[in-house]
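J.: Listed below, chain by chain, are the residues.
2 protein chains.
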Amino acid sequence: MSDQEIIVVTGDRTTGPLHLGHLAGSLQNRLRLQGQYRQFLLLADTQALSDHQGDYSRVRQSVIDVALDYLAVGLDPKQSTFLIQSMVPELAELSFYFMNLVSVARLERNPTVKNEIRQKGMERDIAAGFLSYPVSQAADICALKGTLVPVGEDQLPMIEQTNEIVRRFNRMVGSDILRECKAEVGKVARLPGIDGASKMSRALGNHLPLSASPDEIRHAVQRMFTDPQHLRVSDPGRIEGNVVFTFLDAFASDSEQVAEFKEHYQRGGLADSAVKTYLEQVLLELLEPIRLRRAELAKDPDQILSLLMAGSSRAREVAVLTLYQVKKAMGMFYF
Amino acid sequence: MSDQEIIVVTGDRTTGPLHLGHLAGSLQNRLRLQGQYRQFLLLADTQALSDHQGDYSRVRQSVIDVALDYLAVGLDPKQSTFLIQSMVPELAELSFYFMNLVSVARLERNPTVKNEIRQKGMERDIAAGFLSYPVSQAADICALKGTLVPVGEDQLPMIEQTNEIVRRFNRMVGSDILRECKAEVGKVARLPGIDGASKMSRALGNHLPLSASPDEIRHAVQRMFTDPQHLRVSDPGRIEGNVVFTFLDAFASDSEQVAEFKEHYQRGGLADSAVKTYLEQVLLELLEPIRLRRAELAKDPDQILSLLMAGSSRAREVAVLTLYQVKKAMGMFYF
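Here the protein sequences line up with chains A and B, keeping their order. Take the first sequence: its position 298, counting from 1, is numbered 297 in numbering that gives the first Met the number 0, and each next residue is one higher. Take the second sequence: its position 23, counting from 1, is numbered 22 in numbering that gives the first Met the number 0, and each next residue is one higher.
Worth flagging that the hints you see were computed from the coordinates, not collected in a lab. Among the clues, some could well be false.
The list cannot tell twin chains apart, which means a pair is met if one copy fits it or any two copies do.
[What the hints assert, rightly or not] Mimicking EDC-like on lysine to aspartate or glutamate, the simulated pairs with C-alpha atoms at most 20 Å apart in a straight line are:
1) Lys-77 <-> Glu-262
2) Lys-113 <-> Asp-124
3) Lys-181 <-> Asp-214
4) Lys-261 <-> Asp-234
5) Lys-275 <-> Glu-163
6) Lys-327 <-> Asp-301
7) Lys-326 <-> Asp-50
8) Lys-326 <-> Asp-54
9) Lys-275 <-> Glu-262
10) Lys-327 <-> Asp-54
11) Lys-261 <-> Asp-54
12) Lys-261 <-> Glu-239
13) Lys-275 <-> Asp-248
With the sequences and hints as input, model every part of the structure.
T.: Here it is, written out as structure tokens:
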């Protein structure tokens, strides 16, 4: 393995099935990188507990759900390594060492964490494990020797924090044991919710799951936020902030058709319902194969678990090597 | 192993050789418990890094130093299990899970941590690993199934925090997987420094190392804080806050002689120098065998390392079992 090799590390907290926001924000990126580079997909069950304390059965079930979502969209365990965070204890071990390299004040300034704390209404009662989850993410990336991290825009401060830790560690041990990583933001940095809120999120209830049925898709598209000023069909409509057009930009393959719709909508004379019917068709074509593949795969959960076990073992080989290098550099190999 | 079995877990941060404060505050307690109960002695190298970031060679050397101190005072690896924290990665792993069970606000209220932060002048720049070291201590105790923890008085809030985590975890998983522990404070809850400061501490430079030579002992006793009002021998002297008498209470075996000295000193007519000569003799008798044993043992560091390796392996067997129970209870055993 050359030092210059690009390794992709990415993943999801296992707090529930994935949705369209994940597809646009990160899954499409991972599909593009798959086959090009070695890629680790982390099912972060421990991190999930940092804001779902005690919700053990949900986190456990979500490990299977997220793995099913990965497989259904085309992520392939032969080309990408799927792993469960808690099955690679070296990730926790490295996180523990990294905790000494970051100040509490620095963690409290992390914009992603600050936003999430506000959004979740946690304030001063946040768990220590939530405040320090950037440290845990840094450990995940470093332990697996990641150099490229496909993320949504809101996760960019995490990569900055990771590289700060990497530089601090390398400086302290006087050797470039750990490698810095680069973020890769998807084509759609942040997909809005169907209600027009700035981010699609299960917690906000404005999401469309990847496993949505045709009925759910129709329902979601009907509820979708458009231009509240576009009262009569003949009126000119706005496409900025209009979720239907944002979704078309993100998911429609016929960009000429989309451009024509936009022009017509802005000029006036194109009904919301016409654009929505088109989007519904786009989403149906996108999601129906995913839903069917997922339903088929869900029949055999043992096979899912067995591929997660195999992937976790392969990931552990890499993490064990990193921990050996890290502890040796810190003088913590006594023999 | 019955559920009612008493297991002692205790240890020291490896930031330098131990001193008389450790002997009075915890080592004497451990010697008393040794042979009665299963006892784990933890050399906390990772925790040492939480306030000695990057000081890797010092922490590494101190692991040997502290082990030598343990052996020299009579702690016996055949009766007590010596272990190195970083050699039992399950301690870090459990700590990682516990981080989700404690709020940041609760950690910031911990009196021991607050005092240490003030004393070390760390304020808001404290490492996340330092703020959360009570979580790590709780994990050490729980992973080794500790029920009795010999501590100095200043560490009492740590035991409270540990039991809070134990109760929270057991409630969350709905089963008494972890056991609460009890503190055992030594005969001398807190030995003052030779300057009369409330606590003997290497960081404050007011300590007397266990390996002190006769010259160092004499020097320390000469510098020792007595009663600043006791100007003439014939004056009555105060024994409260008088370090020489505090040390005699802690270390002299002839309590009748000490009582006689106290009475005479308070009445007037007993010179500081006379009491100091006596204390010097007491400390010499106490420390000289320790110093000689230590010097002998220090000739063969490989033997020290080998006993630490063996002890860490034995401790790891216990910790692996705990982690299995903990992860199973959290639903994190997927197979």
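J.: Compare the structure with each hint and give your call.
T.: Hints, verified against the model:
{"no.": "1", "hint": "Lys-77 <-> Glu-262", "in the structure": "neither (44 Å within a copy, 84 Å between copies)"}
{"no.": "2", "hint": "Lys-113 <-> Asp-124", "in the structure": "both (13 Å within a copy, 18 Å between copies)"}
{"no.": "3", "hint": "Lys-181 <-> Asp-214", "in the structure": "neither (40 Å within a copy, 59 Å between copies)"}
{"no.": "4", "hint": "Lys-261 <-> Asp-234", "in the structure": "within (13 Å within a copy, 101 Å between copies)"}
{"no.": "5", "hint": "Lys-275 <-> Glu-163", "in the structure": "neither (45 Å within a copy, 54 Å between copies)"}
{"no.": "6", "hint": "Lys-327 <-> Asp-301", "in the structure": "between (38 Å within a copy, 18 Å between copies)"}
{"no.": "7", "hint": "Lys-326 <-> Asp-50", "in the structure": "between (30 Å within a copy, 18 Å between copies)"}
{"no.": "8", "hint": "Lys-326 <-> Asp-54", "in the structure": "between (33 Å within a copy, 13 Å between copies)"}
{"no.": "9", "hint": "Lys-275 <-> Glu-262", "in the structure": "within (16 Å within a copy, 97 Å between copies)"}
{"no.": "10", "hint": "Lys-327 <-> Asp-54", "in the structure": "between (37 Å within a copy, 14 Å between copies)"}
{"no.": "11", "hint": "Lys-261 <-> Asp-54", "in the structure": "neither (45 Å within a copy, 62 Å between copies)"}
{"no.": "12", "hint": "Lys-261 <-> Glu-239", "in the structure": "within (10 Å within a copy, 88 Å between copies)"}
{"no.": "13", "hint": "Lys-275 <-> Asp-248", "in the structure": "within (13 Å within a copy, 87 Å between copies)"}
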